[in-house]
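S.K.: Fit chains B and C to the given chain A structure using the hints.
Protein chains in written order, with this note's numbering: chain A, 1 to 370; chain B, 1001 to 1065; chain C, 2001 to 2126.
Since the hints were derived computationally from the structure, they do not count as laboratory data.
No incorrect hints appear here.
Pair ranges (Cβ atoms, derived):
(1) A:Gly-161 <-> C:Ala-2110: 52 to 62 Å
(2) A:Val-90 <-> C:Ala-2004: 36 to 46 Å
(3) A:Pro-157 <-> C:Ala-2118: 36 to 46 Å
(4) B:Glu-1029 <-> C:Glu-2046: 55 to 65 Å
(5) A:Glu-38 <-> C:Glu-2046: 51 to 61 Å
(6) A:Pro-83 <-> C:Leu-2005: 47 to 57 Å
(7) C:Glu-2053 <-> B:Leu-1015: 49 to 59 Å
(8) C:Ala-2004 <-> A:Arg-223: 47 to 57 Å
(9) B:Val-1034 <-> C:Glu-2046: 44 to 54 Å
(10) C:Ala-2118 <-> A:Leu-237: 28 to 38 Å
Sample of chain C residues lacking proximity to chain A, with all beta carbon distances greater than 12 Å (derived):
(11) Ile-2003
(12) Ala-2004
(13) Val-2009
(14) Leu-2035
(15) Thr-2042
Bear in mind the structure is a predicted one, so any value in this text is a computation, not a measurement.
A virtual CB, placed ideally from N, CA and C, is assigned to each residue, including glycine.
Below are the chains, spelled out letter by letter.
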Amino acid sequence: MRRLLILGLILLLPAMLPDQEETREGIEALLETVDLSEWDDWFRKENGEWTSLPSEYVYELCMTEHTFASGLTLDMLKARLLPSARTAAVKIMMLLGLAMIGTLAQSLSEAQSVGETTRIAFRICVSCTVIGLVFTEIRSALTAINTVSQTGELLLPPIIGFLTIAGMENTALLLSATRSLIADTALRLITACVIPLAAAGGVLSIVDMGTERIAPIGKLLHRAAKWILGSICSLFLIVTAVRSVTAGSADGLLMRTTRFAAGSIPSVGSLLSESVDIAFQCLLLVKNALGITGCILVVSIALKPVISVWMTRNALRVSALLSESLTGKPYAELLRAAGDLLHILILSELAAIGMTLMMIAPVFGIGSYV
Amino acid sequence: MDVSLLFKIAGIGILVTVIVQMLRQNGREELATVAAIAGLILAMMLVVSMIASLLETVQRTFSLY
Amino acid sequence: MLIALIGSVTALLMRTVRPEYAVLIGCASGAILLLGALSQLTGIRETMQRICETYSVPIAVLATVVKILGIAYLTEFGVNVARDAGQQTIAGGLLICGKVLILSCTLPSAAALLALGASLIREASP
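Extracted from the complex, chain A is given alone in its bound form (with noise of 0.2 Å):
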């Protein structure tokens, strides 16, 4: 309380001002307070790809009239996805290859000799190419899940810090809250069971010899996992949604309490309260644009590593479906189980991504109750 109305001190200095300036001072002395050189680093050394650095962008935001979507190109879409779309052709060819040799060797000999080994063979080969492919990228997979942990943890600081500043302490305390919830229950739940479940169902599948045995646990498997990752998902909806509700709502509160409180002072109560119109409206425009950049640095660094997980699943989908016309039906259920477990994968992805950003959600919330 204190600080508002040292705050509200230093805008009234130069009360006969226009309110452009006014605004535009207060904007400068409020983000002065946050400190983003973290945020600048880490987006530079996770080569995140966005129009300008953080810090910038903040600034912009908070400045000029700007647009959100201006950010994320269609440029910048294709300058990603074209390279990830080369190489998922390059490996649908090569897995349809693969699985028309083995087929075409099968032909080749008869079933009495030595076609039953060659069958198996093949089978052998051509599940180790495809496991291989899928264990890269189940690797690049934790590792981004692990790289949208720590930008969560790098992103929370200034903004707590700024939060603090401004007085809302309760979503404040309800972002660090979530933070620690997710890292610690959900992400690492996801982390040692959901994708070792998907693994293993999926390797199970794949390695299936034709004797139908085992698919079917590698398939229970699979269901299992994605039954996991969906009541992880909704309980942590529902706990946030809960809290952010309450918090935003009493810091609304108190938000409104002070307004009030700067009016109803005699004598300079309009103009102090004007003041404080002013400061809590560049209150709320940085903190809505460090909220945006916020998601915007989640988003533009966990791009990447979305799409080529999901260009190699688009990969092995169309491979399963074109190698069950050319080939038969073994080859084609050996494809389709490694795209499935790809499927977990970027599953597991976008759920971290969403919870970081649902992290950063109730921020946005506060300025609804002003």
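M.R.: Just chains B and C now, with coordinates in the frame of chain A:
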């Protein structure tokens, strides 16, 4: 490396049969057996040389390792 | 094809007179046919190498697959020749040998896979 080899082997076979018949008629049993075995070894050498060249071609063509 | 026709008829002729020559003729005609097929595939090695380099496909996989193909076909050929000669035991022995060789070709890739899986487990559970 074509049909001539087959005819060569068939020719050796027929020749050996004729020689064995003649030798048997003359009463030389052991010479007949020796001639048969010699003919067989000759034919086998032809075939083995062909199979060796086949294996070498396979190794050369598929020498991806 | 012509060679197969001539070969089989000659072998049949020889079977009545000198049975051992029938086996040899069968073997020789099979070898001629195989050589004819191989001569069509002369440029395959360079083509495969170029494809692997262009598309960054690990060449070990393709090499294993081709090796298995070669072993399978040669084993098949030998087993058939032995069966023609009426020697089931030799055919069975060759069959087992071929199967063992094929499966041993897949061992390196299976071992690499196990190593990859172990490293993944180590990474996922610190």
